[in-house]
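S.K.: Chain by chain, the residues run as shown.
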Amino acid sequence: MIATAALVLVALVLGAALTLLVERLSTPHHVEPGPAQAADVRHSLVIANSDRWLLPAGPVVALTGVALALVVLPFGPGLIGRDLGIGVFYVIVVIDFVVLGLALAGWGANTAHAVEACYRIIAQLVAYVVPLGLAYVGVIMMARSLSTVAIVEAQSGLWFVVLQPIGFVLYLVTGLMQSYRAPFLEPFAASIGGGVLDVSAGWSALLWRIALAGVLFLVAAIGALLYLGGATGPLLPGWAWMIIKTYALMALMLWLGRLVRPFSTAQMLALSWKLLIPLGLLNVLLVGGLILLGVGP
Amino acid sequence: MTAGLEIIAFAICAFIAITGALGMTTTMSMFRSGIFLMASFVGVAGLFILLAADLIGVLQIMMYIGGMLVMILFMVLVMHDPGGAMMAGMDMSFVERWFSKGLVPREPAQSGHAKHMHGDHQRGYNDHHHGNAVQPDEPNDRKAAAMRSGHGAHPMEHTDDDEQEGQVMHHSGDKHDDMDMGGMDMSMDTPVRPIAVWLAAAVSVVLVSMLLLRPAWRIIDAAPDPDSARSIGHLLMEKYMVAFEGAGFLILIGIFGAVLLARPSTHPDDPSRSAKVAIDERPEPIADDGLTPLAGARGSTEHHMHRHHRPEEHGA
Amino acid sequence: MTSSGPSPILNDYGFVALVLVMALGLALLVAAAFLRAPGLLMRTPSIWGQFRFGYAVYALIFLAFDMEMIFMYPWAVVFADIGISAFLDMLVFIVLLGAGIAYAWGMGGLEWE
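Protein chains in written order, with my numbering: chain C, 1 to 297; chain L, 1001 to 1316; chain Z, 2001 to 2113.
The reader is advised that the hints may include incorrect statements.
Here are some of the chain Z residues that sit facing chain L, going by a computed Cβ distance under 8 Å [to be verified]:
| hint | residue |
| --- | --- |
| 1 | 2031 |
| 2 | 2070 |
| 3 | 2089 |
| 4 | 2109 |
Where chain C lies over chain L, by a calculated footprint (3+ residues, C-beta under 8 Å) [what the hints assert, rightly or not]:
| hint | region |
| --- | --- |
| 5 | 1039-1049 |
| 6 | 1255-1261 |
Just so you know, the hints here were simulated from the structure itself, not pulled from any lab data.
C-beta atoms are modelled at their ideal positions from N, C-alpha and C, and glycine is treated no differently.
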């Protein structure tokens, strides 16, 4: 059991490292890569008026969230930390710990930029949670279970991306919101000095790098699991397919995100509540109709 | 998982739940208070999981992360001292100081800031830190009493004269343009607090003894259903359908109320608040992203209104 | 149905707790590895009470919809087994919440202040 747990953490670090690499490779020359790259690892920083408990707790909570979420991801037929009965629901809850960690660090730092970043981060949470949940609900309806392994098995006939295209699009957009990548970069914007990353240095900067890269990795891996069939495929072993699908989806999300001008926080909230949530509710009804008609697994 | 591990896990979860609640009530920072409440509910979620109700346990966590963050947002909007910087320098008991550790008190401007004088009534419970010298200044008792009664944290039963001897002024720094206390004292050490503590202890003893001295605890051998999501779903759809729809209706009424109460906006008019706004000016474009630049300079075409602009973006 | 030991769910969550503890340990290791003398000191005034934000109504409606999502997850699991009645029930639920969004939108609540 301890070995499996250690493997989960190793997988997290490897996945995050590979994510940083993929992000750097997939950005054209003059474009800045995502927020995870910009952390300053070399110096350490002491902030005079900071909240001495909350500020260090931020990156720790974020890293914990990402590590816990990786427990239920199946990278192959037997390669899963634990198949929790409520797998997918557990994942969506535990990734919220990253938001909590960012908010803690943003508030705790007690600088103008960081506290404003805290507000923007919570705004992003308000924007992404409900549409993301609606995208998940469509998949759960077809798979008839919350377990990640059951979701992979339910796609053995046909991937859900074919059956639920609206849900897939919804997942792409809210996944970008969840991982703070373009075009939803406001909490890490240059105008507030990089937000939380500006007030972190040394060990916390390294942990932020791992956590933020880990979130993107997780979002892509869960997308591959929910919509692209997970760790299954011909010829290659399961884990190879999972890695290919994860990073392909990640590259797709990053590329699509850069096609659009960055959203301001107000635009993001309006987009989420006026467009994505009605779309999500419609998706749920459509999937329900499909299931009643007998389409799907 | 052996029974011993289960007991240890139960003890840890219960400890987190109780300490979280204690921290929530005694810490000086509003933000930390919300976070402690969140931690307390994480402990409760752990207790749910120990009872094999995993969906409900994780559901607790989900509700409370979202809920507490929003609640903290509103608290921070309304309260004067959400971060605890102002209160951190005040008189506190041992428990409060422990849970407020790490908060840096706001530095006073002038060198001769007033130290605190303690009330004459030192009951056994309060062992707070003692200031060094005692420098009584002229207390502005009317304003102080008004502020304290508005504070609402402790019930005030004494008249102004009684409190004069116990409280002093705390001159806050007027060099900064941040909050000025206006010469009010916010000491948490009030004479009525030991009474409150003994009352709370008595009530908790009564409750715990009622719990322990129950006639019989039924023990059944049935194991809980490991697939809790499915059983909860079936229950919702079959037995508790009316409650399900009723909850939806209740949520709808909540939305109505929220929208009704929030328009027109009722931000406090504190001048210190109007200084900064969590604003979302047009976000900076990613350099060289190949998109056509927007026509016009920094005009905004979205549906938000700039009420106040930030003085400057970088620096100071 | 009788059982003599604790539920198998506890083993799963024991593993989760183990991963949690190990992640905390990893974070501590990283923190310890960077234990040099602190380099830079940032002196900024305390700024906690000075912000306000413009998404109050969004946040309130988000709370309501968070509660809605709670109901949707167990419903989604059993939907395919129950069939049309579950669909109709959720239709009513979604209509109620859609009415909420429509009301908020129409009353101008979904705006940044």
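S.K.: Any of the earlier hints contradicted here, and which numbers?
M.R.: 1, 5 and 6
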